[in-house]
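Count along the sequence shown from 1, add 210, and you get the number used in this note's numbering.
Rather than coming from a laboratory, the hints here were simulated on the basis of the structure. The C-beta atom is built at its ideal place from N, Cα and C for all residues, glycine as well. Honestly, I wouldn't trust all of these hints.
Under the rule of at most 30 Å between Cα atoms (straight-line distance), these lysine-lysine pairs were calculated in the BS3-like manner [stated by the list, open to error]:
#	residue 1	residue 2
1	Lys472	Lys226
2	Lys384	Lys226
3	Lys413	Lys359
4	Lys358	Lys384
5	Lys494	Lys481
6	Lys413	Lys358
7	Lys355	Lys516
8	Lys472	Lys384
9	Lys384	Lys462
10	Lys516	Lys481
11	Lys391	Lys516
Quick list of the computed label-pair ranges, beta carbon to beta carbon [what the hints assert, rightly or not]:
#	residue 1	residue 2	range
12	Asn294	Glu580	29 to 35 Å
13	Ala302	Asp236	27 to 33 Å
14	Leu584	Arg408	49 to 55 Å
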Amino acid sequence: MTEAFFERPILNSPYKYPGRHWELVDGQPTNLIIDRRRPSDLITPVPKGKKQKAAAKAQAEMILDSGDGLSTAEQEYNATWVVNEIRGHVDAWRRLPNPDQWQVTPETARLLQHWRHHEFQGVRPFFCQIEAVETVIWLTEVAPKHGKKFERYWDFINRSNREFNGDLMRLALKLATGSGKTTVMAMLIAWQTVNAVRHPNSKSYSRAFLLVAPGITIRDRLRVLMPNDPESYYRHRELVPNDMLADIDRAKIVITNYHAFKLRERLDVSKGTRAALEGWRKEKLQTLESEGQMVQRVMGDLMGMKNVVVLNDEAHHCYREKPQNEDIADLKVYDTIINKTPLSYRTNRIIGGHAPSAYLSKLESGAAVEPDALNESLRSHCIDPALLRADDFKAFMADREKRLLTLIAKATGHQIVGADATPEEGEDASEQVLQDTGMVPAVAE
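With the hints as constraints, model all of the structure from the sequences given.
Quick look at the structure:
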């Protein structure tokens, strides 16, 4: 076997259609180059182990044609058939030479030509970035004009959202790390805003955007999506033709992090004062803001605007918890005013992936990884396997916080609220921390 794959793993330009790929068999390279695009598939980087005979009950639950070892009759994890079919239709649509055949608005056609053919002075959009936006445009502007021909794709999207997102319609754009999701968001904002300004009566477009980030650091990095920012991507990266920049300036954009949706105290009351005010009847003092007040605080300039476009960056950090009790599985216990607020179902975008339990299950069922070994590896990184498998995000974060505070307490030798007891006197705290994190092995005396 030659080392050609490892000597030259990259076959395609990031700016062109990926028309070649290295063949993989059971996730391993064969050093054979295939002259077509690699189809979307679920591939684990861990080599597969010997197949084991599954229990009859598990076999009955599996979807026989899914091929992913995860999907059941209740939940389908593998949606690659949808990805591959839509990708093929978008490819055929992209190859149409005449913009009049694209079945999009003149503004959309102008933006597509700009992204594909403009001589950029600086950073040029990657093919994967343009394709991501093209896919959303095709689903929104092109597919509905073909009637029943492409109806099943929206049926699949609608069905999936009803099952997992209640009444909130979302689309996911999955891009590799480093592929430039911020640029994709800028292109989506440009497409929506220009069309909304020039077609004010259309319900398919909006110039109101709520961007949700997983943390403050990422939130601050997204400032380049603001039209008036000195390094605005629309101007700085030439993502919009000069004559459309005035339209971009009319966009209303609010950038926040998901922590902002937590209800805040409106009145700072000490424990003693609270007890006195509540009295012997223990009537709870309502000092938390209401959901409506929270939305007003977070949304700011977007209050009163219709068809708000929600862009959820790094959405794989935010997922709906799996109900732990079958009695409440069908109840909308997770519904808040956020997903009761009317949004344009075709302009509510999300970028993200699967919950942790799905990935852990795939490692165990499709790879040579024993559950006990996987659990031990998770524990060595201060992670409770049971909470991770249950997709219990709140409990997982509380446990994670306690474990990390305990490590800090051990390292400093000081008591910290929320941590377990500090190490006994005479114990080498720093070495104990390393052992607890699994960075060095514990040595028997």
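Hint check:
Annotation: proposed proximity of Lys472 to Lys226 is violated, straight-line Cα distance about 43 Å (limit 30 Å). Annotation: proposed proximity of Lys384 to Lys226 holds, straight-line Cα distance about 19 Å (limit 30 Å). Distance restraint check for Lys413 and Lys359: the Cα-Cα separation of roughly 23 Å lies within the 30 Å cut-off, and the hinted pair is therefore satisfied. At roughly 26 Å between alpha-carbon atoms, Lys358 and Lys384 fall within 30 Å of each other, so this suggested pair holds.
For the proposed pair Lys494 and Lys481, the alpha carbon gap of about 12 Å is at most 30 Å, so the pair holds. For the given pair, Lys413 sits about 21 Å from Lys358 by alpha-carbon distance, which is consistent with the 30 Å threshold. A threshold of 30 Å between alpha carbons decides the hint, and for Lys355 with Lys516 the separation of about 24 Å falls inside it, so the pair holds. For a cut-off of 30 Å, the pair hint linking Lys472 to Lys384 stands: about 27 Å separates their Cα positions.
About 25 Å separates the Cα atoms of Lys384 and Lys462, which keeps this hinted pair within 30 Å; it holds. Between Lys516 and Lys481, the direct Cα distance comes to roughly 42 Å. Violation of the 30 Å bound is thereby established for this hinted pair. Proximity of Lys391 to Lys516 is assessed by CA-CA distance (about 25 Å); at most 30 Å being required, the pair is judged to hold. For Asn294 paired with Glu580, a C-beta distance near 33 Å keeps the hint of 29 to 35 Å intact.
Restraint check, Ala302 to Asp236: a C-beta distance of roughly 31 Å satisfies the suggested window 27 to 33 Å. With their beta carbons about 54 Å apart, Leu584 and Arg408 fall inside the hinted range of 49 to 55 Å.
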